[in-house]
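Read off the chains here:
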Amino acid sequence: VSSDRRLGAPALLGLFAIGAAASLVGDQGHVASGATRYLDHGVPFIWESALWFPLMVGAGTVALAAVRLRLAPARSDLGLREAAAGIAAVSAIYAVTALVRDEPLGPATALVFALASLVTARFADDRSALVCGLLAVVAGTTTEIVMSAAGVFEYAHDIDPLAGVPPWLPALYFSFGVVSARLGEVFSR
Amino acid sequence: VSSDRRLGAPALLGLFAIGAAASLVGDQGHVASGATRYLDHGVPFIWESALWFPLMVGAGTVALAAVRLRLAPARSDLGLREAAAGIAAVSAIYAVTALVRDEPLGPATALVFALASLVTARFADDRSALVCGLLAVVAGTTTEIVMSAAGVFEYAHDIDPLAGVPPWLPALYFSFGVVSARLGEVFSR
Amino acid sequence: VSSDRRLGAPALLGLFAIGAAASLVGDQGHVASGATRYLDHGVPFIWESALWFPLMVGAGTVALAAVRLRLAPARSDLGLREAAAGIAAVSAIYAVTALVRDEPLGPATALVFALASLVTARFADDRSALVCGLLAVVAGTTTEIVMSAAGVFEYAHDIDPLAGVPPWLPALYFSFGVVSARLGEVFSR
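Chains as they are written, first to last, in our numbering: chain A, 1 to 189; chain B, 1 to 189; chain C, 1 to 189.
Note that these hints are calculated values from the structure, not bench results.
It cannot be assumed that every hint is accurate.
[To be verified] A few chain C residues that face chain A, going by a derived Cβ cut-off under 10 Å, partial list only:
#	residue
1	Ala114
2	Ala116
3	Leu134
4	Thr141
Just so you know, even glycine gets a beta-carbon here, dropped at the ideal spot from N, CA and C.
Take these sequences, add in the hints, and give me the full structure.
Here it is in structure tokens:
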């Protein structure tokens, strides 16, 4: 454990790339399943996503990792295996949220919250990771509610009872925040 | 490891509340997906469940935890993280059994048994946890077969070839028994 | 860790039986969901599978386990719990590939690759397990492409864009290879 670990330029770039790439894959799932639909096409698209989406998730990954390192000492014994497991875990939950698009919202939401709890139990070492999870929930969910209300994109109306977003969305963001915190530890030096 | 660990009144209450709450969420999934249907409406309901259902699961959680502590010494190094992971794991399987309601019964059952095996490999330390799993299978499956035969509730007929209940039901109960045993260890003192 | 661990006759038989049995369960799922269809019925069948299929998977399990032990020293501290977890993990992914048969191929593939990554992070100790994973991908995917092209069986056409097989197939084989390598360690002496 070291209290002065930081993110160098390659780490910042790597974290941004991981967040952006994983968000493109996840968003393709949401678009393909009809969970979401982009309404504003006056922006460049990359694969199935409006360009701003991977940029925001990539930047969010970097920001959460940096916040994590500010909050508490980081473990120095974590390697690529830990990073791969964390990225895979969040990507799996992201894919699940697309695959349950036509299922009843109750058990779909229960499954996503249960999986997010497993991710938290596995990847959150201390309170700082939970803080990152909460930050991701507040920033991510609020942003999506606002952009959905503004007509930039929308969730399918049968899954959007939470002010225009699905009830499983906070759990997806929480797991994203917890794993971004862990990636901060892995990529720091 | 201590051989004289017991459940105090707050622990008993906590275990009952966990089992009851998790069963309400899981049962909502079964009702929403059409996996189950209550036929007897001459009893009070809470959310989507007949009142006796969460009471039975809550009581079962307490009973299994107590049996576990009778059978073998308990670990004393388990905390809330372990409890959260166990509850989340069983809740995830419970939600999966609702979400696969319209899928072919073969792969649905294979998935639930595989997930229950993973839960067992992760949470069952010794034979006493397996005994709790088997107790849960026998008591739970038998109770559901009898109550289904008595016309109190029913499973959808395309998923009920096992004397009126689905073939994945024993695996769900086994994981419930194994995790209840682990919760007994966590909540004992 | 021991560098001269080998597979005795009971181990070879056990590995063959595990691979064959798991493949029968998994293949039943693919046939039941309509993911695959046997076109050549001029061979004996067992359950829903042409006889050659469980024989090939059983033999592949043995071969991969043997290759693993040739490549690097084996851990000697792995027991039945490890074997059960590995078999359950691959069986769960196999069942998932059947259950997502009617879902959009993008998120279905993302989920299977994410789960295979989790299996790899959990069960692959070193490079030798990754080699076994790659061997399984090359041999398994190639065999299925050839047999599908030869009209022996086919995948549903809406999920077969990868030369006649689904894009998630390599990930399923990779996890099979990684776990077979681990089973080699467990069953060696």
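Taking the hints in turn, this is what the structure says about them:
no.	hint	result
1	Ala114	holds, 4 Å
2	Ala116	holds, 8 Å
3	Leu134	violated, 16 Å
4	Thr141	violated, 21 Å
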